[in-house]
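Trainee: If you want the building blocks of each chain, they are given just below.
2 protein chains.
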Amino acid sequence: MTIQVFGHKSPDTDSTGSPIAWAWYLSNIRGEDAKPVLLGEPNTEAAFMLERWGLEKPEIISDVEAGAPVVIVDTNNPAELPASVNKADIRGIVDHHKLVGGLETKGPIEIRVEPLACTATILYKMMGDDIAQAPKGVKGAMLSCILSDTLAFRSPTTTQEDKAIAHALAEELGVDVEGYAEEMFAAKSDVSAFSDAELLRMDSKEYEVDGTKLRVSVLETTTPAQILERKDSLKESMKSVAAEDGADEVLLFIVDILKEEATLIVPNERVKGIAEASFEKSVEGDTLLLPGVMSRKKQIMPVLKAA
Amino acid sequence: MTIQVFGHKSPDTDSTGSPIAWAWYLSNIRGEDAKPVLLGEPNTEAAFMLERWGLEKPEIISDVEAGAPVVIVDTNNPAELPASVNKADIRGIVDHHKLVGGLETKGPIEIRVEPLACTATILYKMMGDDIAQAPKGVKGAMLSCILSDTLAFRSPTTTQEDKAIAHALAEELGVDVEGYAEEMFAAKSDVSAFSDAELLRMDSKEYEVDGTKLRVSVLETTTPAQILERKDSLKESMKSVAAEDGADEVLLFIVDILKEEATLIVPNERVKGIAEASFEKSVEGDTLLLPGVMSRKKQIMPVLKAA
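Here the protein sequences come in this chain order: A and B.
At position 34 of the first sequence (counting the first as 1) the number is 34 in full-length UniProt numbering, and the numbers step up by one without a gap.
At position 36 of the second sequence (counting the first as 1) the number is 36 in full-length UniProt numbering, and the numbers step up by one without a gap.
The shape of chain A in the complex, shown without the other chains:
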C-alpha cells in the first residue's frame, strides 16, 4: 500500500511542500512507495510555490483508512489531522511544534521533532548528502517552506540552521532569496478570493487560555490595508465563526511582513480585555498595533491571558 505523506488540515507552504519533499525522499532514496497528499486546498502562497516549481498539486483527501500507512509532517496535533488518524498505521512523524499528546502508534516508529522554524529544515538534515539527488522542484519546495515559515528570516523563530540551509538551497537553485520571497509574499497577500470566514480560518489554531477557548488566527501579508478595509465585515464574521467552531472568541492578527508588526482586530469588550492583559497596552478603538510581533508561536501564544 502506498504511504500517504501529509501535513495539517490548513495547507500552507510548509504543509504542502514538506510532504512533497519527504515523499520524494522515501520513494527515491529509501525505496519505499510514498506519495504526498493534502488535507485541504493549499493557500495562495502554497499554490504559487506549486506553479513556480512545476509541481503537481497533490490529491486532497478527507480522511485516512484504518490500517493505511501514513507519515505525518509539520504537526503532531490530532485536532489538525484526519479524524481516523489513530486508526491508520502511522509510520513516521517529523515536526517542529510542541508535543501536544494524543497521537499513538502501534510500534516504535521514526519520530523527529526539532525546535527549528520549519519542517523542511529538519527534512534537509535527515536527507544528508542525498539532497544532492533531489530534483529542482523538491529543492524549490523546500526553499519555499523555509522562506515562508521564517518570513524570509524576519520571524524570531528563525534559527541559524534554517538560514544556512535556505541559503544553500537558493544558491544551488540560482534563486535570489529576497526577490523570490517577495513574490511568495505577494501571492500570500492576495486574499481577494476568500470570504471573511475563510480568512478567519485560513491560518488558525485553537487554544484554551485560563478556561477561555480562543481561535487564534494570523494573516501574514505585505498589503495589510487590503485586509483592514474589510475590518467591519470581518468583525461581524467573527461571531458566527466562533459559534460554529465552539470558540469563545476569534483573535485575528494581521502581520505586516515588511514593517514587522502585527495589528490585532478588537471586535468587543472581551477581546479588548484579553488584548490589554496579554500585551500590557491600552486599546483605543477597534485595533491594537503590536510593533515587532510576527510569530504566533513565540510572541503571541506565550503571552496570551484571558483578561
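Hints are computed from structural coordinates only; laboratory data are not their basis.
Misleading hints may appear alongside valid ones.
Note that the list lumps identical chains together, so a pair holds whenever it fits in one copy or between two copies.
[Unchecked claim] Calculated lysine-lysine pairs in the DSS-like style (CA-CA distance at most 30 angstroms, straight line):
id: 1; residue 1: K106; residue 2: K272
id: 2; residue 1: K305; residue 2: K259
id: 3; residue 1: K305; residue 2: K136
id: 4; residue 1: K9; residue 2: K98
id: 5; residue 1: K163; residue 2: K231
id: 6; residue 1: K281; residue 2: K57
id: 7; residue 1: K297; residue 2: K205
id: 8; residue 1: K213; residue 2: K35
id: 9; residue 1: K305; residue 2: K239
We have chain A; now place chain B onto it with these hints.
Mentor: Quick look at chain B alone, frame taken from chain A:
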C-alpha cells in the same frame, strides 16, 4: 537549574546507562548543565555495569518539581515516569518505543524516536563524531545498554545499526563482546536477593487487551531453573501483586537467553485461556514453553489476546 536526565521507573541497563551517556553529552559537548538521575533502584545487571565501568550510581529521585528542566530517555509513557512529569519543563525525549501519547511540552523540543533495539544506539548516532571524546565509562555504559537490550544480538529487535555500533564500541574499548555479555547476563540472573513480588514487578509493563488489564512481566536469565524452583510461591504472589496494582492477571515470562526460549507461568484458568488464545498452543500443567520467544515488544505484545 541542572537538567535531570532519566529513563523509566524500573531502571534496567538502558534506563541507567543512557541517562549517564546523554548527561555527559549535554554537559561536555553541548555545554549545558545536566546530570543523570534514576527513578528507582537499578536492577542487578545495571548495578554490575556501574561497578564494571567505575561509574557512580546516579541519585534516585521520587518525583520532579514543577518547571524543573528534564530530558527523558528510553520511554515516552507517562505511566512509567514521575507523577509530575507534565508539570516539569521537558527539554528532550529520546526513545525507541511506540508512541503512547500523554506527554506534553510547553514549546517545540528535541524529540528523537527510532525503531532500534536500544536508546543508546540512537544516542550514539546523535553524538556523531563527538563520541570520540567520551570517557571509557560512557562508552562502556553505551555498549552495556546495547548488549542488554539486544540480549547480545539474539533478540529479534536487534537491527544492523545496533550491532554495528556495539561492535565499534567494543573494539575501541578492547572488550570481548560475548564474554562481557555473559558476565552481564550472569549478574542479571542472580535474583536471589529479590522477593517474589519484586521479581514480578522488576521488568514489567501494564497493558490492556480487549478490556483485560494485564501486567506483562519478563525475566531474562541464563539460569531459568533458579526462578522456576520458586514457581509455587511466585504463583501465590501473583494474586496480591495483581490486586495491589489494579491488574486482572500477571503474566510472567522467564526468558532463557542462551536457549532462546521463554517459559510462561500459568497460575490459573484465565491465564491458561489467554496463553492458549495468544500462542495457539494447548497448555498442560502450569507452564507453557515458547521456543524462540525473547522479545515482549516483538513477540509477546503483538499476539496477546484476552482468551
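Trainee: Hint by hint, say whether it matches the structure.
Mentor: Verification of the supplied hints:
In this assembly of identical chains, the alpha carbons of K106 and K272 lie at most 30 angstroms apart only when taken from different copies (26 angstroms versus 46 angstroms within one copy). With identical chains, the CA atoms of K305 and K259 are at most 30 angstroms apart within one copy only, with a shortest distance of 26 angstroms there and 62 angstroms across copies. When the C-alpha separation of K305 and K136 is checked against a cutoff of 30 angstroms, the pair qualifies neither within a copy, at 45 angstroms, nor between copies, at 50 angstroms. Within a single copy, K9 and K98 get their C-alpha atoms as close as 17 angstroms, and across copies as close as 24 angstroms, so both meet the 30 angstroms cut-off.
Proximity of K163 to K231 under the C-alpha cut-off of 30 angstroms is found in neither arrangement, the shortest distances being 35 angstroms within a copy and 63 angstroms between copies. Taking the shortest alpha-carbon separations for K281 and K57, neither the intra-copy value of 44 angstroms nor the inter-copy value of 52 angstroms comes in at or below 30 angstroms. For the identical chains of this complex, K297 and K205 are intra-copy neighbours only, at 10 angstroms inside a copy versus 36 angstroms across copies, given an alpha-carbon limit of 30 angstroms. For a Cα distance limit of 30 angstroms, the shortest separation of K213 from K35 qualifies neither inside one copy, at 36 angstroms, nor across copies, at 39 angstroms.
For the homomeric pair K305 and K239, the shortest alpha-carbon distance inside one copy (20 angstroms) is at most 30 angstroms, but the shortest distance between copies (50 angstroms) is not.
Hint check: violations occur at hints 3, 5, 6 and 8; the rest are consistent with the structure.
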